[in-house]
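Work the whole structure out from these sequences, hints included.
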Amino acid sequence: MSDYEFLSGDVTDGIATITLNRPPVNVLHIPMMAELNALLETLLGDGNLAAIVLRAHGKAFCAGVDVNDHTADKVGEMIRQFHGIFRKLASTDALTIAVVNGAALGGGCELATFCDVVLASDRAKFGQPEVQVGVLPPVAACAFPPQIGIKKAIELNAVGMTIDAHEAHRVGLVNQVYPANEFENQVDSYLNNIRKLSRPVVRMAKRATFMIAREQVLSHLEQVEKLYLDELMKLSDAHEGIAAFMEKRAPCWVHA
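Residue numbering for the sequence shown follows the numbering used here, starting at 57 and increasing by one per position.
Hints were generated in silico from the structure; no laboratory data involved.
Careful: at least some of the hints might be erroneous.
Cut-off 27 Å, straight-line C-alpha distance, at most; resulting in silico cross-link-like pairs (DSS-like, lysine-lysine) [as the list claims (entries may be wrong)]:
id : residue 1 : residue 2
1  : K115      : K181
2  : K304      : K290
3  : K144      : K252
4  : K115      : K304
5  : K181      : K304
6  : K304      : K130
7  : K282      : K207
8  : K252      : K262
9  : K282      : K144
10 : K144      : K262
11 : K282      : K130
Here are the computed distance ranges between Cβ atoms for each label pair [said to hold, decoys possible]:
id : residue 1 : residue 2 : range
12 : Q272      : T218      : 23 to 31 Å
13 : D69       : Q279      : 33 to 41 Å
14 : N231      : S147      : 15 to 23 Å
15 : R251      : T127      : 43 to 51 Å
16 : K252      : L288      : 42 to 50 Å
17 : R226      : S275      : 26 to 34 Å
18 : A94       : K252      : 26 to 34 Å
19 : P235      : D286      : 43 to 51 Å
In this text, all values refer to a predicted model and were calculated from it rather than measured experimentally.
Backbone N, C-alpha and C define an ideal beta-carbon position, used for all residues, glycine too.
Okay, here's the thing in structure tokens:
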């Protein structure tokens, strides 16, 4: 698993670890997303995995999807690659676990919180600021309502709020919050508890629990993907927001 430019991967004792490695903040661009899809594809066929762990080098877990890949000539391929990651995560019976020690924003928040388990340090933060640049978070639109309820989901997705790890835990986006100075030890302890379990039983229990939700999330994602590409990307404000971000200026919304 060493033939990747923006990732590293390892499988040990039934747990696969994928590490995002595009420091300092691991912004996802199309080549990195393609690598993540390829690596996940290799893991999907391994029925001996109890868990797939996503973590990151650098000061942030992931600051989101590269805004440059939201332009009209790239957005279709970006959505295909980005949503391919979540379709693969949704299809595995292995537990998916995000280890977040820093910011998880935009697509990075979606990547972390889509996982079955989120282990966060108390220095982590989570947010969906896409509306600030004239777009919306399709995966969060699908995954947040069943996780945290419609009111908080709307507040995060349509207002673009960012919350700290403790608030993310309180509303149900995060499973565990550990002190930053104990974080790695606590994560190791959590993963060691999984290693003590029967791998096929873990996988079957995850499948039984996620069975109905899997169908609902994937169906919802297909509908929101169509909304994003066929309606959102026809708005002048969507293109203005992206252009303003790239040009480092305030957007001038025309509300159309």
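Each hint tested on the structure:
Under the criterion of a C-alpha separation no larger than 27 Å, the hint pairing K115 with K181 is consistent with the structure, at around 12 Å. With a C-alpha separation of about 22 Å, the suggested pair K304 and K290 falls inside the 27 Å cut-off, and the hint holds. The straight-line distance between the Cα atoms of K144 and K252 is roughly 26 Å, inside the 27 Å bound, and the hint therefore holds. For the given pair, K115 sits about 23 Å from K304 by alpha-carbon distance, which is consistent with the 27 Å threshold.
Distance check on the hinted pair: K181 and K304 sit about 23 Å apart at the alpha-carbon level, within 27 Å; holds. Straight-line distance between C-alpha atoms of K304 and K130 comes to about 20 Å, which keeps the hinted pair within the 27 Å bound. Restraint check: the Cα-Cα separation between K282 and K207 comes to about 23 Å, which is no more than 27 Å; the hinted pair holds. The hinted pair formed by K252 and K262 meets the criterion: a straight-line CA distance of about 16 Å does not exceed 27 Å.
With a C-alpha separation of about 19 Å, the suggested pairing of K282 with K144 holds against the 27 Å cut-off. Taken as a hint, the K144 and K262 pair is honoured in the structure, with Cα atoms around 15 Å apart against an allowance of 27 Å. Under the criterion of a C-alpha separation no larger than 27 Å, the hint pairing K282 with K130 is consistent with the structure, at around 16 Å. A hinted range of 23 to 31 Å for the beta carbons of Q272 and T218 is consistent with their spacing of about 27 Å.
Range check, D69 to Q279: about 39 Å between beta-carbon atoms, so the 33 to 41 Å window is met. Taken as a hint, the range 15 to 23 Å holds for the pair N231 and S147, whose Cβ atoms sit roughly 21 Å apart. Take R251 and T127: their Cβ atoms lie about 44 Å apart, and the range 43 to 51 Å holds. A beta carbon spacing of about 46 Å between K252 and L288 agrees with the range 42 to 50 Å that was offered as a hint.
In this structure the hint that R226 and S275 lie 26 to 34 Å apart at CB holds, the actual value being about 29 Å. Distance hint for A94 and K252: a CB-CB separation of about 31 Å, consistent with the stated range 26 to 34 Å. At about 46 Å, the beta-carbon gap between P235 and D286 stays in the expected band of 43 to 51 Å.
In the structure shown, no violation is registered for any of the earlier numbered hints.
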